[in-house]
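Visitor: One line per chain: the protein sequences are Y and F, in this order. For the first sequence, position 1 (counting from the first letter as 1) is numbered 1 according to our numbering, and the numbering increases by one without interruption. For the second sequence, position 201 (counting from the first letter as 1) is numbered 201 according to our numbering, and the numbering increases by one without interruption.
Rather than coming from a laboratory, the hints here were simulated on the basis of the structure. Fair warning: there could be bad hints in the mix.
List time: in silico DSBU-like cross-link candidates among lysine-lysine, alpha-carbon distance up to 35 Å [as the list claims (entries may be wrong)]:
| # | chain 1 | residue 1 | chain 2 | residue 2 |
| --- | --- | --- | --- | --- |
| 1 | F | LYS278 | F | LYS131 |
| 2 | Y | LYS317 | F | LYS224 |
| 3 | F | LYS224 | Y | LYS337 |
| 4 | F | LYS278 | Y | LYS368 |
| 5 | Y | LYS337 | Y | LYS368 |
| 6 | Y | LYS136 | Y | LYS200 |
| 7 | F | LYS278 | Y | LYS310 |
| 8 | F | LYS224 | Y | LYS136 |
| 9 | Y | LYS249 | Y | LYS310 |
| 10 | Y | LYS59 | Y | LYS200 |
| 11 | Y | LYS337 | F | LYS131 |
| 12 | Y | LYS368 | Y | LYS310 |
| 13 | F | LYS224 | Y | LYS49 |
| 14 | F | LYS131 | Y | LYS115 |
| 15 | F | LYS278 | Y | LYS337 |
| 16 | Y | LYS249 | Y | LYS337 |
| 17 | F | LYS224 | F | LYS278 |
| 18 | F | LYS131 | Y | LYS317 |
| 19 | F | LYS224 | F | LYS131 |
| 20 | F | LYS224 | Y | LYS115 |
| 21 | F | LYS224 | Y | LYS368 |
| 22 | Y | LYS49 | Y | LYS59 |
These are the residues of each chain, in order.
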Amino acid sequence: MTVPVLSAAQVSRLFGPIQVLFDVDFDLYPGEVHALIGENGAGKSTLMKILGGYLQPSKGTLRLDGEDVVFPSLREAEAAGVIMIHQEFNLAMQLSVEENIFLGREIKRGPFLDKPAMQAEARRLLGRLDCPVDPKMRAADISVPNRQMVEIAKALGRNARVLIMDEPTAVLTNRETDILLEQIDRLRAQGTAILYTSHKLDEVRRIADRVTVLRDGHLVRQAGAGELTEHQMAEAMVGRELSDLFPDKTRPADEVVLEVSSLDVPGHVEDASFTLRRGEVLGFAGLVGAGRTELMEGVVGLREAQGSVKVNGRPLKPGSVQAAREAGLVYLTEDRKEKGLLLGHNLRENLTLLALDRFTRIAIDSRKEEAALTHAFEEFDIRAGDREMNAGSLSGGNQQKLLLAKTMLAEPDIVIIDEPTRGIDIGTKRQIYDFIARLTEAGKSVIVVSSELPEVIGLASRVVVMSSGRIAGELEGDEIGEDAILRLAMGLQDARDMQERAEREAQPS
Amino acid sequence: MSDATSATEAPRHRKRLNFQVLGPLLALIVLVILGASLNSNFLSYGNVTNVLARSAFIGIIAVGMTFVITAGGIDLSVGSMAAFVAGVMILAMNSLIPTMGIGVPLIAVGMLVALATGFAAGWLNGFLISKVGIEAFIVTLGSMGIYRSLVTWLADGGTLSLDFDLRGLYRPVYYDGLLGVSWPIIVFAVVAILGELTLRHTAFGRHCAALGANEQVARYSAVKVDRARMATYTLLGALVGVATIMYVPRLGSASGSTGVLWELEAIAAVIIGGTVLKGGYGRVWGTVVGVLILSLIDNILNLASIVSPYLNGAIQGVIVILAVVLQRERKSAD
Chain Y
1 MTVPVLSAAQ VSRLFGPIQV LFDVDFDLYP GEVHALIGEN GAGKSTLMKI
51 LGGYLQPSKG TLRLDGEDVV FPSLREAEAA GVIMIHQEFN LAMQLSVEEN
101 IFLGREIKRG PFLDKPAMQA EARRLLGRLD CPVDPKMRAA DISVPNRQMV
151 EIAKALGRNA RVLIMDEPTA VLTNRETDIL LEQIDRLRAQ GTAILYTSHK
201 LDEVRRIADR VTVLRDGHLV RQAGAGELTE HQMAEAMVGR ELSDLFPDKT
251 RPADEVVLEV SSLDVPGHVE DASFTLRRGE VLGFAGLVGA GRTELMEGVV
301 GLREAQGSVK VNGRPLKPGS VQAAREAGLV YLTEDRKEKG LLLGHNLREN
351 LTLLALDRFT RIAIDSRKEE AALTHAFEEF DIRAGDREMN AGSLSGGNQQ
401 KLLLAKTMLA EPDIVIIDEP TRGIDIGTKR QIYDFIARLT EAGKSVIVVS
451 SELPEVIGLA SRVVVMSSGR IAGELEGDEI GEDAILRLAM GLQDARDMQE
501 RAEREAQPS
Chain F
1 MSDATSATEA PRHRKRLNFQ VLGPLLALIV LVILGASLNS NFLSYGNVTN
51 VLARSAFIGI IAVGMTFVIT AGGIDLSVGS MAAFVAGVMI LAMNSLIPTM
101 GIGVPLIAVG MLVALATGFA AGWLNGFLIS KVGIEAFIVT LGSMGIYRSL
151 VTWLADGGTL SLDFDLRGLY RPVYYDGLLG VSWPIIVFAV VAILGELTLR
201 HTAFGRHCAA LGANEQVARY SAVKVDRARM ATYTLLGALV GVATIMYVPR
251 LGSASGSTGV LWELEAIAAV IIGGTVLKGG YGRVWGTVVG VLILSLIDNI
301 LNLASIVSPY LNGAIQGVIV ILAVVLQRER KSAD
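Just need the whole structure built from these sequences, with the hints factored in.
Guide: Right, dumping it as structure tokens:
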């Protein structure tokens, strides 16, 4: 093979006394997709940041085209054509797509901006990605996957030879993921070297040429993507045998605890009705934008909604999160960084925020709060380096566990969990699934909203599928399967039609 | 959580905390030493009482401002609000003399009028900001102009003066005290202590910080966001009322130039004290230190004739900017 365009040789990194990366070798060849996988905290981000010039290695060297190189900052890395695309986008939302693409390297004619030239170039770059976005639109007004495309176009505009992509599909639906993967394919064909991280192992198998697995800062496996099954990848990441990811499903009682009828959430959801039984895990599937989150926010009073919501047979006061909480109904947001946790505040204050009344008479009982934190650490296996650290310094998985702990402090009967495992490694996923199972065993009822089909299928005893703001159908027991869910989600068929057809076919003619 | 890790982590944490805590305190101590070395009268009973009593007005307001800023808001109207409240209070008291006669009950009614006017003015700010959803800067910029203009109109461009005999009766509220400590100082201390306890140890205080840090998170955590925000402005308005009650007996009058720039002094004190301007973290005791720093600078310039007292504003300005720079350095050092 040729010389790797970018490689790391025996790279280590320490943060203070803590070593997070141990003598890792990693290389990227032109025209290959090299996937980097590992659990949260395995050192993926650190390695990516070192390659992208955001961090310096404590030991070891980087090589660009075979020559030793140092990137004192990302500026030098970008100048060398090494560009990192972050999971959280770096777009200025108020600026147009074109302005974003050329931010910091605007084309000028004399002292003035050469807008037509920039727009033409932006259009050309987006065209290369097969992305039909108008360069004049504001970044805030385009869809999430298109923002991703704009980020890539921005990178291409900077003559990227190496693209480092940090979980680019974490926020994308399956269809959007397909589009992105096609485009990655195209970039690969054009000779770009791509470092790709994802928690979705099926994707890794589909797109990557090679896979490197990190665990606890060590390189544990490096192989061609075809040589490893998803199961083997997962085991290499976790470092032990993985039994079945999903716990056994419990049998729900007949008693209905939540009854939603003809609920409208203006602009998002029309005429949604469903019920939840005691001890049940009810799955909500659908494409991103189908209105699942909005429906749930409408149910718990976070959004304006018309229609009826009954908890244990009693109507719930609309538009009041407080009333929902008092009725034992809580919602765990999908957006833990922006809506779930106060990233700049400590763990204790985050933990007790929702149920603060339980810790307060006139003043807050901080000893009781500390006890609750200790308890939460144990019960939810939250791994924090320091009791006084900020929630923002926790890893994604631990943040999600803290959010769970916070929600459970309110002692709810009904828990709605939106994307319970987004951006979380497989070991922590397993813990969260077990926790959901324990909840139902304790007689609580759970709604799981998820874009990951295996999760919905593995957890739920009944699945409601939404499509374009409406409930497209409901699947139960053996009907639950990827194919059936997808059909409903894409609005291809009503469940009833399918059933009828199945019955018709079953009848001998 | 194992004991071993918390033991090794603790010292680092304490060190960082110390620096944050000590910054404003150190500045205060340096000022006291400087003042004492420049003028032997600086630490005299008379001067200390004078400085503290004059700090009390801004101080009481700044305690309320700490809540507003911690919750992510701002209130530019407090200076003109104080002037307006003073004007309304004086007019109300003067006009009630024929019916009530000059006496303690009338002064009590005047105090109630001041509290109610401040409360209502603050509530109105809060209502426009949280329920109508107009930005705090705009609302309070508007009400700043409105109150200033109203008090000038009430005074017909001149000065509203409290009835002479009534003034004599009311005077002790500013000039007398308990055990040698004057009333404004006592009231300031009580307000500050209650404020610190409320911000640090009650659900309302915690909710203010949560709201200032991230309103969405607060909303999703079933915090009554609108109510908490309105409460901060209303509390501030009521405290403006309290400050006015202490201020009116000092001069016995109010005019269009009463309380000019108080809002900026109050905001400056809050920021110097270490409360974060964009919200999420606040401390009342820091605000108290901030107020004292500002008044000491003024006092030292007046006592020691090295730098012209006319430069007071310039020096205070430099201190405010410096405080924010230090806050930022601290953040990046973490």
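Visitor: Taking the earlier hints as the rules, which of them does this structure contradict?
Guide: 7, 8, 13, 14 and 20
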